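First to last, the sequence lines map onto chains A and B. Residue numbers 1 to 287, in this note's numbering, belong to the letters of the first sequence in order. Residue numbers 1 to 232, in this note's numbering, belong to the letters of the second sequence in order.
For the record, the hints were derived by calculation from the structure and aren't laboratory data. Quantities reported herein were computed from a predicted structural model and do not represent experimental measurements. We put the CB at the ideal spot given by N, CA and C, even for glycine. Check before you lean on any hint, since a few could be wrong.
Chain B side only, calculated, beta carbon under 10 Å to chain A, not exhaustive [to be verified]:
id : residue
1  : Glu84
2  : Phe88
3  : Tyr102
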Amino acid sequence: MTATAIVLDGIVLGLRFGLLAAGLTLVYGLGGVLNLAYGQMAVISAMVTLFSIDAGVPILAAVAIGLLAGGLLGLIFDLTILRPIYRRQGEARVLLSLLLTLGVAFIVDGFLTWRYPFEGLRLQIGGGPIDVLGVPMPRGSIVGAIVILVIFGLLLAFLRATSLGRAVRSVIEDEEGARLVGVDPSLMLRIILVLSGVLAAIVAMTQSMLRPVNVTAGFEITVLALIVTVVGGLGSVTGAFLAGLILGVISTVATSQIGTFLSLIILLVAAAITILIRPSGLLGVKE
Amino acid sequence: MLDVQDLAAGYQGNDVVHDISFHVDEGEAVMIIGSNGAGKTTLFRAMCGLSQLSAGVVMFDGDEVTGEPAQRLVRRGLGFVPAERHLFPRMTVQDNLSLGAYPKRPDPETSSVVFDLFPRLSERRNQHAGTLSGGEQQMLAVGRALMSRPRLLVLDEPTTGLAPKLAHEAYEALAVLRRQGLTLLVAEQQVPLAMAFTDRGYVLENGVISLEGTSKELAADPRVRSAYLGVT
Numbered sequence: 001m002t003a004t005a006i007v008l009d010g011i012v013l014g015l016r017f018g019l020l021a022a023g024l025t026l027v028y029g030l031g032g033v034l035n036l037a038y039g040q041m042a043v044i045s046a047m048v049t050l051f052s053i054d055a056g057v058p059i060l061a062a063v064a065i066g067l068l069a070g071g072l073l074g075l076i077f078d079l080t081i082l083r084p085i086y087r088r089q090g091e092a093r094v095l096l097s098l099l100l101t102l103g104v105a106f107i108v109d110g111f112l113t114w115r116y117p118f119e120g121l122r123l124q125i126g127g128g129p130i131d132v133l134g135v136p137m138p139r140g141s142i143v144g145a146i147v148i149l150v151i152f153g154l155l156l157a158f159l160r161a162t163s164l165g166r167a168v169r170s171v172i173e174d175e176e177g178a179r180l181v182g183v184d185p186s187l188m189l190r191i192i193l194v195l196s197g198v199l200a201a202i203v204a205m206t207q208s209m210l211r212p213v214n215v216t217a218g219f220e221i222t223v224l225a226l227i228v229t230v231v232g233g234l235g236s237v238t239g240a241f242l243a244g245l246i247l248g249v250i251s252t253v254a255t256s257q258i259g260t261f262l263s264l265i266i267l268l269v270a271a272a273i274t275i276l277i278r279p280s281g282l283l284g285v286k287e
Numbered sequence: 001m002l003d004v005q006d007l008a009a010g011y012q013g014n015d016v017v018h019d020i021s022f023h024v025d026e027g028e029a030v031m032i033i034g035s036n037g038a039g040k041t042t043l044f045r046a047m048c049g050l051s052q053l054s055a056g057v058v059m060f061d062g063d064e065v066t067g068e069p070a071q072r073l074v075r076r077g078l079g080f081v082p083a084e085r086h087l088f089p090r091m092t093v094q095d096n097l098s099l100g101a102y103p104k105r106p107d108p109e110t111s112s113v114v115f116d117l118f119p120r121l122s123e124r125r126n127q128h129a130g131t132l133s134g135g136e137q138q139m140l141a142v143g144r145a146l147m148s149r150p151r152l153l154v155l156d157e158p159t160t161g162l163a164p165k166l167a168h169e170a171y172e173a174l175a176v177l178r179r180q181g182l183t184l185l186v187a188e189q190q191v192p193l194a195m196a197f198t199d200r201g202y203v204l205e206n207g208v209i210s211l212e213g214t215s216k217e218l219a220a221d222p223r224v225r226s227a228y229l230g231v232t
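Construct all of the structure, not just a fragment, from the sequences and the given hints.
Quick look at the structure:
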């Protein structure tokens, strides 16, 4: 592979990393909740799409159903296991969220591998490769990258240019300040959980355009999202985007030069170095 | 307009303030004075729905609002500017003000009232709130609260951290608001400033109200004079 091809692959991967982290980081920034079942949300959405396709639903409609399922999962999370978490404050809240969401992740993973061990969602994007800077890129890569860029654009426009988006950011900036201007933090958190479920689903869909999303993919997705979130800075969507791109390129370079088995370790090292140099991440909100 | 009866509040079951009763009538400016640690902030935070109160009744505009969270009270017309201000530091002055009007769109008339009152905010409208000086941040905190068009504005130590000249200016701005018909309740340690500006006042000492009266009466009271006005 040429250097250009490796970098382009890295960017495509990085965009997916970034969107993955955006969903996780917003929930953490707003509610101090780290959702370790995030990858499982992505996997369940993918499975819902897969079963819809198997049941004869047209592909686009099946994808839409999968995205809806992601949003619904976010809502169910907010209404159920996050309730006892919200009653805690600060460190106790983070710890309890880690434990409870990890528990959910294990249950979901166990159930899926028991019932549907060999299922995987693969969305075929027809047509040959597209030439980018002299590199033939698989059509799925390009479609996925465009979808993610559009979603990122919409997400940033929502957060910066709409009154609801500003209200969401106000809670990340200063929860008491938000309450003083009439923003209800728990309502904002509910909206963002739904959104993060949809983002997880979008990541699963775009990934499935390149390679299958298997029932066991949940933990890998969560770990990647965590690494990118830490590097980008907790609570920052632009930080997630930036960190995603950087880590995506690092990952493909590492894979091509050393081997796939080391790429996750190299990402962890990159995250560790970032924390040492900038404890709040690239663009993180300082505590 | 605001009527507080037998309020008690504190932290983790220990009441810091007890048996607090006071009222603010429409069009009045009322002060609650007391030294550091007397319980002013505890009282205001509980009354304005930022923290829990353990006993008492709060009436606003004839409705009981005891224990209602701040986000609901502000929609009823009770605006609160806490001493720590709680601005959104990484958002622009303009965005901070727009959020003040949430969930409505910022109303241009109210925006121009705020910018007339604090021209500095207009100059700095595209700057991040976190980069403002202490005085400007205080202006922004008041401006943000005004954007919700409150009928009662509650301010906790509006002069905290301000140089004497800026503290004066802050009270001049409050006097303008008062002339425009806003009802005001201020907690203050800088007693002489508050005294010149308000009609009535209460003295909060060790968590209870020990004295009340018109600001003139309080200014003449020997206990107030020695404890808060530095006159012996």
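The hints, checked one at a time:
no.: 1; hint: Glu84; result: 8 Å, holds
no.: 2; hint: Phe88; result: 4 Å, holds
no.: 3; hint: Tyr102; result: 5 Å, holds
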